[in-house]
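Between the sequences and the hints, there should be enough to build the whole structure, so can you do that?
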Amino acid sequence: MSRRKAFGLDNQTIARTLGEIADLLEIKNENPFKIRAYRNGADIAANHPHQLATLDLPALREIPGIGKDLAARIREMSETGGCAYHQELVAEFPATVLDLLHLQGVGPKTVATFYRELHVRTIDDLEQAAKSGRVRALRGMGAKKEALILKALEERKRFAGRHLLSEATEAASGVAAYLREFSPAATIDVVGSLRRGCDTCGDLDLLASGASAELMDAFVRYPLVERVLGRGDTKSSVLVRRGFQVDLRLVAHDSRGAALQYFTGSKAHNIALRDRAIGLGLKLNEYGVFRLADEAKVAGVTEEEVYAALGLELVPPELREDRGEIVRAADRSLPRLLERTDVRGDLHVHTSESDGRDDLADMLRAAADAGLEYVAVTDHTQSLTMANGLDESRALAHAARIRALDRRHGIRVLAGVECDILPDGSLDLDDDCLAALDLVVASVHSAFNQDRREMTDRFLRAIENPHVDIIAHPTGRMLLKREPYAVDIEAVVDAAARQGVALEINSQAHRLDLNDVNATLARDRGARIVISSDAHSRQGFDALAWGVIVGRRAWLEPRHVANTLPFDAFKAGLRRNRAR
DNA sequence: GCCGTTTTCGGCCCGACTGTTTTCAGTCG
0 MSRRKAFGLD
10 NQTIARTLGE
20 IADLLEIKNE
30 NPFKIRAYRN
40 GADIAANHPH
50 QLATLDLPAL
60 REIPGIGKDL
70 AARIREMSET
80 GGCAYHQELV
90 AEFPATVLDL
100 LHLQGVGPKT
110 VATFYRELHV
120 RTIDDLEQAA
130 KSGRVRALRG
140 MGAKKEALIL
150 KALEERKRFA
160 GRHLLSEATE
170 AASGVAAYLR
180 EFSPAATIDV
190 VGSLRRGCDT
200 CGDLDLLASG
210 ASAELMDAFV
220 RYPLVERVLG
230 RGDTKSSVLV
240 RRGFQVDLRL
250 VAHDSRGAAL
260 QYFTGSKAHN
270 IALRDRAIGL
280 GLKLNEYGVF
290 RLADEAKVAG
300 VTEEEVYAAL
310 GLELVPPELR
320 EDRGEIVRAA
330 DRSLPRLLER
340 TDVRGDLHVH
350 TSESDGRDDL
360 ADMLRAAADA
370 GLEYVAVTDH
380 TQSLTMANGL
390 DESRALAHAA
400 RIRALDRRHG
410 IRVLAGVECD
420 ILPDGSLDLD
430 DDCLAALDLV
440 VASVHSAFNQ
450 DRREMTDRFL
460 RAIENPHVDI
470 IAHPTGRMLL
480 KREPYAVDIE
490 AVVDAAARQG
500 VALEINSQAH
510 RLDLNDVNAT
520 LARDRGARIV
530 ISSDAHSRQG
540 FDALAWGVIV
550 GRRAWLEPRH
560 VANTLPFDAF
570 KAGLRRNRAR
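The numbers in numbering that gives the first Met the number 0 rise by one with no breaks, and the one at position 293 of the first sequence is 292.
Don't read these hints as lab results, they were simulated from the structure.
A couple of the hints might just be wrong.
Listed next, the in silico SDA-like pairs over lysine to any residue satisfying Cα-Cα at most 20 Å (straight line) [as the list claims (entries may be wrong)]:
| id | residue 1 | residue 2 |
| --- | --- | --- |
| 1 | K570 | H535 |
| 2 | K266 | D246 |
| 3 | K156 | D216 |
| 4 | K150 | Q127 |
If you want it as structure tokens, here you go:
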């Protein structure tokens, strides 16, 4: 297989361009279905497990949602690095107006008006226009709208919008607990992208079923509320401390199932579901499933019943992305998704010997308390001096201490290291040392700015080292902070599959790396996958829950994840222990 | 712009809230 990638054009870049075309068409007030087609195309590109730039025209057109035009645009981008249609649109509306779309309460129509009437091109232009009272003078606007825009501009500066899954979960739990206390008879559910387990969340969606109207008053009076964005009888939105937008919807008890389904999304999943409903002579909304013929309600109390009315088995929330789950639900062949309790071992754990907070014995006890059957202790190596990384002699001495504690705290142990992959792809400890350990996790912590070729070769060389068992956090992304390294993940996955090296889903909430899409790719290409906590303290094992969610979003079953195996079977399956 | 076992034309998911509108457009999810 050729690894040459024209312009190194990745799916995210294609997705961004298609998304911008959709935004610009929206500002132009184009055909909404054309806009949807581009939006859908962007979504497909962002979530496609294989590099679209490597596909030819017929292969692109085989992807549902990619037709003649989109396929041609993707090919054009792959070959030239640009897209004439996109440039044409940018000539009409400067790309900077797209920033305006991200402001709360500002949509494409408003952006078009600002640009046409006030020549607003940038966020700063808009701020000046609003401050000088020019916004309120526009037709359809007023003093209130102008004040709202100034507020949105201020908030944009304060809150950059998105939140880690872990933080969002914590914030949502707080609001939900408050609402449950106020209205014990109601059922409070967390829905939206949080329920689907997305790695970051823009806002938090809560659903209250069977609550009295007073719950809405209680909601907008939640002590952490900083601002009420909207207040209605059945729907309200607030901003709470630390920049979380929280939306609450109220429905009757007998619509809970339909509302859970509706507000969990995703949008693409719901559209596909409603389409299916229509085909069955039914209508699906947040209140239930209804016969089109006579409006009779046929389901809505539980989610199971809603899916059943559509001839489907219940789809786990993590799969609701319109990535084939509906067909599988119709066949009753959805996977038996991984669960936290399936994970028996943790293969990436730090102690105070390097940069962990707790000592070896405490970490082993905590791992046992977390219900684990085995744990690999993998402290950093010497090139990470600020983490007090181990050289060969310390690594071997540490390994002896680790092995001495095997079974001592009710848990089996493996003596390992998290060995740095140096910029040239060689490893940070010599081969004799690595060979003397039970397990070697290898990862990149330096020279992040290497180009795609160098970084990819660096990983490939590390994978070729026979002492490497696992590659940790393979793309190096830091959610909301740092993009992934420029690396050809497909090439890394293929090499790992060939060499029997496992790829890690790192469970740290700011990493979640591999992500769901890449984990699916790894599974498809036959690479071994492990889910590890990267714990740096006794509490760090809790993070495994996040990694499991990523695995679920990647459709992983227990059999796809090596550390669901019992200790002996896992150990025997390690690359170093297999006859080659 | 995409799609098709009744279709190559004519469809394409649905509802709540806000502000400025005297009946509705825009935004959001």
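Right, here's what the structure says about each hint:
1. About 23 Å separates the Cα atoms of K570 and H535, which puts this hinted pair outside 20 Å; it is violated.
2. Simply put, K266 and D246 have alpha-carbon atoms about 16 Å apart, close enough for the 20 Å limit, and the pair holds.
3. With a C-alpha separation of about 29 Å, the suggested pairing of K156 with D216 is violated against the 20 Å cut-off.
4. With a C-alpha separation of about 13 Å, the suggested pairing of K150 with Q127 holds against the 20 Å cut-off.
When held up to the earlier numbered hints, the structure conflicts with 1, 3 and fits the remainder.
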